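Colleague: Residue numbers (my numbering), protein chains in the order written: chain A, 1 to 562; chain B, 1 to 161.
To be clear, the hints were calculated from the coordinates, so they are not data collected in a lab. Remember, predicted model here, so these are calculated numbers, not experimental data. Where a beta carbon is used, it is the ideal one built from N, C-alpha and C, also for glycine. A hint or two may mislead.
As the list claims (entries may be wrong) - Within a straight-line C-alpha distance of at most 27 Å, the following computed DSSO-like cross-link-like pairs (lysine-lysine) qualify:
1. A/K41 <-> A/K207
2. A/K232 <-> B/K43
3. A/K207 <-> B/K52
4. A/K181 <-> B/K43
5. A/K454 <-> A/K340
6. A/K500 <-> A/K407
7. B/K23 <-> A/K207
8. A/K444 <-> A/K433
9. A/K375 <-> A/K340
10. A/K232 <-> B/K52
11. A/K32 <-> A/K100
12. A/K422 <-> A/K350
13. A/K375 <-> A/K422
14. A/K232 <-> B/K23
15. A/K207 <-> B/K43
16. B/K23 <-> A/K41
Stated by the list, open to error - Some chain A residues flagged as far from chain B (calculated, every beta-carbon gap over 10 Å):
17. E133
18. T443
19. E517
20. Q561
Below, each chain spelled out in residue letters.
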Amino acid sequence: MSATPTTETKPAPPAVETIKVKVDGKEIAVPKTMPDPLTGKPVPTTMIQACALATVDVPHYCYHPKLPVVGNCRMCLVEFGTPAMGPDRKPVINPDGTPKIAKSPRPAIACATPISPGMEIYTTTPGVKQMREGVLEFLLINHPLDCPICDQAGECKLQEYSVDYGQATSRFVEEKVHKPKQVDLGPRIVLDDERCILCTRCIRFSKDIAGDDALGIVNRGSYNTLSAYPGKAFDNNYTLNTVDICPVGALTSKDFRFKMRVWFLKETKSVCTSCATGCNIVIGSREEKIYRYEPRENDAVNSCWMCDTGRLNYKWIGSENRLTEVRIGKETTTWTNALKEISGKLANVKAGSVAMVASARQTNEELFLLAKLGKKFNALTDSVPRMQEGDKLLVSADRNPNSNGAKLTGISPAQMGSNLPKIAEGIRNGSIKTLIVFGEDVTKHGIGADLLGKLETLIVSEILPNKTTELAHYILPGCAHAEKRGSFVNGKGRVQRFLKAVEPKGDARPEWEFLHELVYQVTGQNGFASIEGLFNQMAQEVPAFNGVTWAALGDTGVTIQI
Amino acid sequence: MSFTVPPQLEAELNELVTHYPQKRSASLMFLHALQEHFGYISKEAIEWTAQKLELQPINIYELVTFYPMFRQEPAGKYVLKVCRTLSCALGGSHKLHEHFCQKLGLDSHGHGLQTTKDGKFSVEFVECLASCGTAPVMMCNEDFYEGVSNAKADEILGGCK
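If we strip away everything but chain B, and leave its shape as in the complex, we get:
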């Protein structure tokens, strides 16, 4: 897949740079925008960002490897984000995560995002999703689910076509 930033996105990012006293400060916003558009941050995206912000690629690569939310590989079509911060951890989020992994044939102890071979599902732990009263909570792409039992989890999976 060749790397081309659509003109509209590039224009938005160019405008974004003007918000900051130095170009470098826009690095994270660039990466968020690129990940949102491409689904992950490729080598080309790192180099493009560095060139746009007049930096060296290593400066951007440091950021991408530092923040777990930046992906260097494409994620599945459906990304299941299971909260593991305290309330959810007490409410059974690890069991939920394990349930997903078992169902989808993924390694529940693997580091970071785990994606099925067919590229349909990714499962990962995330930090607080801000609904501690209804633990365990999770997101499936942009949809938010509360009090997710195993049965509800299967329902969510079933809804992913």
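Next comes chain A alone, as it looks inside the complex:
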């Protein structure tokens, strides 16, 4: 791979001094400091971070790598020792030459204890096991054992650690403390306070990441209750992230709860299409139906989070209204017929009499193929800009997922939307007779129904019906991103690929597939019939992609110069 693109997922940390510690007998050099999750300032590396670097799993509830440390759950207790010092303040050496380790008489919480040179951390001792069992037993004292009706079941840390450290029966014979159930915390969140283990992850996320100090713990002792201020809804655009980080089933998503058992979900790596940020997501689907989006960690893009708007923007994919038939006029036909007729028509058009509006929601590969068609006819091309207000965290002002892709492939001029009036004028004065539209309702963007009526040929590929598809001479049903593979370039130049989660509806096909055939029939150029080959070809031909390969994109993408 060439030098310009980078595959790093984190900005390269400045070189820091490393110190050697032993985790369960294995020596490992770890950085002396690590960036603070909020400020990015170097802070001493903790035992839990050292254990993670040594790929040793330390059970925890309240600790989250992206949140401030509070150390309240006590699940990460470990035993440790440090090099013993003699009265002369020099390390005591064993007969075999190794430093003598003074084992700490007390355990420490791994999440909040900094490491020191020569420290030894023990996570598998009988003592540590006992402590985990003890902590877990306490956490379960007031916890209702309602896993069979709990949405978290299957991805619940209490369940998981109970398998490892729990007991088959409860020794607790007293009455459990009862707390509020089905609390309507906000428009998208339901809270079950009895399930809450008071880890405060949600409180810290809301306050420190989302900037909405809305949650707190009220009452005292075993009556501790997670709550929003009475009468105030927990309603910012990031509330559903608290459902993700809740280690138990206390916070649940109104949209997802009781819809599907999580172990039935097929998980597909994808990218959110609601704005130019391109948050990495996992699509949870079963039997060709999408049940949820969840954020996927990518420190170069979205950390561990995504906005609620983007997360819930999936229902249109399963809409009953979907265009599922290839049509010539109002007649249903086959792909072969339609593509043959379209290429026949296009073979006879005059250069300059074709225009193209391709959405910046289409993939790079599709836009690349469309640009090839456009070039053949010397067509005027454009995309539709979608600028709205952004926010400080993740939501970009540009609501197109692939504006940069549209620009790099040459579909969109530098000022997106500036060609739309020219296309309208061309149709009005009769110089443009054929319009190809991919994924936009142009009647909303200055090319009204009256103008579309003047066209000799209107070829439209769409997912859902609209005014433009009503007037189309050819309808080519396309796919949502969840139904195909492809790539986008986000607002910062990150090229990210996404994979197919569900089958397209009816006769709908991924646009790049039929565009590949159309380009061949119209231009005679035979391209690649696989998304990998197509992407690689595009990366060779479009300079900005600089020869990046599909394989090199990996799960988290590659940054290119835009």
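With chain A fixed as given, assemble chain B onto it according to the hints.
Modeller: Then chain B, alone, in the frame of chain A:
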């Protein structure tokens, strides 16, 4: 009842804020002052405090629900505080508490402050009133009573007009 903080009290509280490195640190002092003035801490008082200290209401609400001495409901005209810390507990404070509750028709096992329907009396347990040698001790509003027998208790009640 509308919530208005008298200018003098507000001025005192404004001055109080300057004693602390951060405004938030004055939260408890604000709540004490407001409870003293209004008799209890209303929703409005919580919101007013939060706004004065540049916090969210939930931050203050956490404190109010944490400390049992903060009341979210008005108390009776006479608040009878019975000490239940060790010496008084051994000296019969539970019996005393029970006696008051029986006399006033209150639930002696209810959680927290119990107030009569007419709003005249409230009875609650409190922690040490610092007179362990004369148990059981109690307070009726700001007045302190030692070695309170049932007879003395009736006398105290009788004195509350």
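Colleague: Sort out whether B/K52 lies within 27 Å of A/K207, counting only the CA atoms.
Modeller: 19 Å, holds
Colleague: For the pair supplied as a hint, A/K422 and A/K350, is the alpha-carbon distance within the 27 Å limit?
Modeller: 18 Å, holds
Colleague: Would you say A/E133 is clear of chain B, with no C-beta pair closer than or equal to 10 Å?
Modeller: Fine: 30 Å to the nearest Cβ keeps A/E133 off the interface.
Colleague: Are the Cα atoms of B/K23 and A/K41 separated by 27 Å or less?
Modeller: 26 Å, holds
Colleague: Check whether the Cα positions of A/K454 and A/K340 lie no farther apart than 27 Å.
Modeller: 23 Å, holds
Colleague: With d taken as the least Cβ-Cβ distance between A/T443 and chain B, does d exceed 10 Å?
Modeller: The claim stands: A/T443 keeps its Cβ more than 10 Å from every Cβ of chain B (closest is about 46 Å).
Colleague: Can you confirm whether the C-alpha distance between B/K23 and A/K207 stays at or below 27 Å?
Modeller: 18 Å, holds
Colleague: Is A/K500 within 27 Å of A/K407, Cα to Cα?
Modeller: 25 Å, holds
Colleague: Under the criterion that the straight-line Cα-Cα distance not exceed 27 Å, is the pair A/K232, B/K23 satisfied?
Modeller: 23 Å, holds
Colleague: Between A/K32 and A/K100, is the straight-line Cα distance small enough, at 27 Å or below?
Modeller: Satisfied, since the Cα-Cα distance of roughly 22 Å is no more than 27 Å.
Colleague: For a C-alpha distance cap of 27 Å, please report whether A/K232 and B/K52 respect it.
Modeller: 19 Å, holds
Colleague: Quickly compare the C-alpha distance for A/K444 and A/K433 to 27 Å and report which way the hint goes.
Modeller: Holds - the C-alpha atoms of A/K433 and A/K444 are around 20 Å apart, at most 27 Å.
Hint compliance for this structure: no hint is broken.
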